[in-house]
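Line by line, the protein sequences give chains A and B. Going left to right, the first sequence walks through residues 77 to 332 as the numbering used here numbers them. Going left to right, the second sequence walks through residues 569 to 644 as the numbering used here numbers them.
Source of the hints: derived by calculation from the structure; they are not laboratory data. Virtual Cβ for every residue (Gly too), placed ideally from N, Cα, C. Careful, some of the hints might be misleading.
[What the hints assert, rightly or not] Facing chain B, according to a computed beta carbon distance under 10 angstroms, are these residues of chain A, among others:
(1) VAL152
(2) VAL270
(3) PHE300
(4) GLU311
[Unchecked claim] Reference excerpt, derived from the structure (chain A facing chain B, CB under 7 angstroms, subset only):
(5) ALA148
(6) SER151
(7) HIS154
(8) GLN155
(9) PRO169
(10) THR170
(11) ARG171
(12) PHE172
(13) GLY268
(14) SER271
(15) LEU297
(16) ALA301
[Said to hold, decoys possible] Estimated spans, in silico, between C-beta atoms of each pair:
(17) A:ARG163 <-> B:THR588: 18 to 28 angstroms
(18) B:THR588 <-> A:GLU119: 30 to 40 angstroms
(19) A:ARG109 <-> B:THR588: 17 to 27 angstroms
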Amino acid sequence: MAAQLINDRRVLYLYGITQSKPREIPKLVGVDRFAPIEAVDCEGIFCWVSRVSALDFEKNLASNMENLDWLAETSVAHQRVISAISRVIEILPTRFGTVFRSEPSLCKHIAKRARGLKQDFERVKGADEWGIKVFAIQPTAVPMPTARTGKDYLKAKAALLPSRKPKSIQREDIIKFEQALANVATETAPAGNVSRGQRGLSFQTSLLVKRTQRKKLESVLEKFAGEWRRERRIECTGPWPPYSFVSRPDDKVKAK
Amino acid sequence: MSATTNAVVFTGDDPGDEMTLLDILDHVLNQGVVLRGNVIISLAGVDLVYLGLDVILTSVETALRHVNASALSPGK
Chain A
77 MAAQLINDRR
87 VLYLYGITQS
97 KPREIPKLVG
107 VDRFAPIEAV
117 DCEGIFCWVS
127 RVSALDFEKN
137 LASNMENLDW
147 LAETSVAHQR
157 VISAISRVIE
167 ILPTRFGTVF
177 RSEPSLCKHI
187 AKRARGLKQD
197 FERVKGADEW
207 GIKVFAIQPT
217 AVPMPTARTG
227 KDYLKAKAAL
237 LPSRKPKSIQ
247 REDIIKFEQA
257 LANVATETAP
267 AGNVSRGQRG
277 LSFQTSLLVK
287 RTQRKKLESV
297 LEKFAGEWRR
307 ERRIECTGPW
317 PPYSFVSRPD
327 DKVKAK
Chain B
569 MSATTNAVVF
579 TGDDPGDEMT
589 LLDILDHVLN
599 QGVVLRGNVI
609 ISLAGVDLVY
619 LGLDVILTSV
629 ETALRHVNAS
639 ALSPGK
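Could you put the whole structure together from the sequences, leaning on the hints where they help?
Structure follows, in structure tokens:
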């Protein structure tokens, strides 16, 4: 193991990009929970990186990502770093697993994208991302009927669960809600698809909201939550760095 | 600190807040600036991860639905 560490090359794991460098760099460790975060100056664009094992993050990245324990720990570390930097300075967050072999190669790619990145900085200036989800509220617990066997218990328990698309949800209400949110946000984007299988999830979206509009967002959420008190629960997560508003439709094709 | 007002649950406003893993994965895997490094991001690998997560999320639900369906079937 020690020999492996000694021979293991280091590569640059990229977290995000900023337009300047704060006086004090947040004291953080990166996705490997060991190497510190650094800001690499690529001709005035600052790339936030940590130096990680090429074995873990280059050679074995794809197979590591299929290991849910590894993915969970590493993605949380990735988010924590970006979130900590975003509390100090505005950052364009990079997608998980973006790795470069050297500083020159990193800066070369940044230079190619400089114009697009500048537009992205303008787009998200003074704004945060918020995640909104609406869930159908499960009916209040009713006493479980006496079950003589495990199978009877499971049958009774399954009967109490709401269907995946609750009938009580009226689409018009959701459309009104969506419109009210769009009035407060500067942009909206489809929410990620990892959590789409959550039970009772009726609607989800990501919003880009100017910090000056935050109170208005809260008012909209409170208003609908009040109206839906017994039927639906609204979950609001944020402020997130603007993950959903910095990727472009053709990025996937380019990345392949 | 997470806060609940009426039926709104706010999470994430405080550095001590823990976002749920699903929310984090939604953001960090699916979104963000995509740069092509020397190491090419394996999107095929990510798709496999999505598949894995979906299977986990739905497997319990599917199992319960089967139980539920058999409970409703006549003659069972």
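Do the beta carbons of ARG109 (chain A) and THR588 (chain B) sit within 17 to 27 angstroms of each other?
The hint (17 to 27 angstroms, Cβ to Cβ) holds, given that ARG109 (chain A) and THR588 (chain B) are roughly 20 angstroms apart.
Measuring from the C-beta of VAL270 (chain A) to each C-beta in chain B, is the shortest one below 10 angstroms?
Because about 4 angstroms separates VAL270 (chain A) from the closest Cβ in chain B, which is inside the 10 angstroms limit, the hint holds.
Evaluation of the interface hint that places SER271 (chain A) against chain B, nearest CB under 7 angstroms
holds, 4 angstroms
Taking 18 to 28 angstroms as the hint, is the beta-carbon distance of ARG163 (chain A) and THR588 (chain B) inside that range?
holds, 20 angstroms
Can you verify the interface hint for ALA148 (chain A): is its Cβ closer than 7 angstroms to any Cβ in chain B?
holds, 6 angstroms
Under 7 angstroms is the threshold here; is the Cβ of ALA301 (chain A) close enough to any Cβ of chain B for the hint to stand?
ALA301 (chain A) check passes; min Cβ-Cβ to chain B is 4 angstroms, inside 7 angstroms.
Does GLY268 (chain A) meet its interface restraint, that is, does its C-beta lie within less than 7 angstroms of any C-beta in chain B?
holds, 3 angstroms
Minimum beta-carbon distance criterion (7 angstroms), LEU297 (chain A) to chain B:
holds, 5 angstroms
Quick check on the hint: VAL152 (chain A) CB to chain B CB, less than 10 angstroms?
With a closest approach of 6 angstroms, the VAL152 (chain A) hint holds.
Does the nearest C-beta of chain B fall within a distance shorter than 7 angstroms of the C-beta of PRO169 (chain A)?
holds, 5 angstroms
Just to be careful: measuring from the Cβ of GLU311 (chain A) to every Cβ in chain B, is the smallest value less than 10 angstroms?
Hint on GLU311 (chain A): holds, closest Cβ of chain B at ~5 angstroms, below 10 angstroms.
Quick check on the hint: ARG171 (chain A) CB to chain B CB, less than 7 angstroms?
holds, 4 angstroms
Checked against the numbered hints above, the structure breaks none of them.
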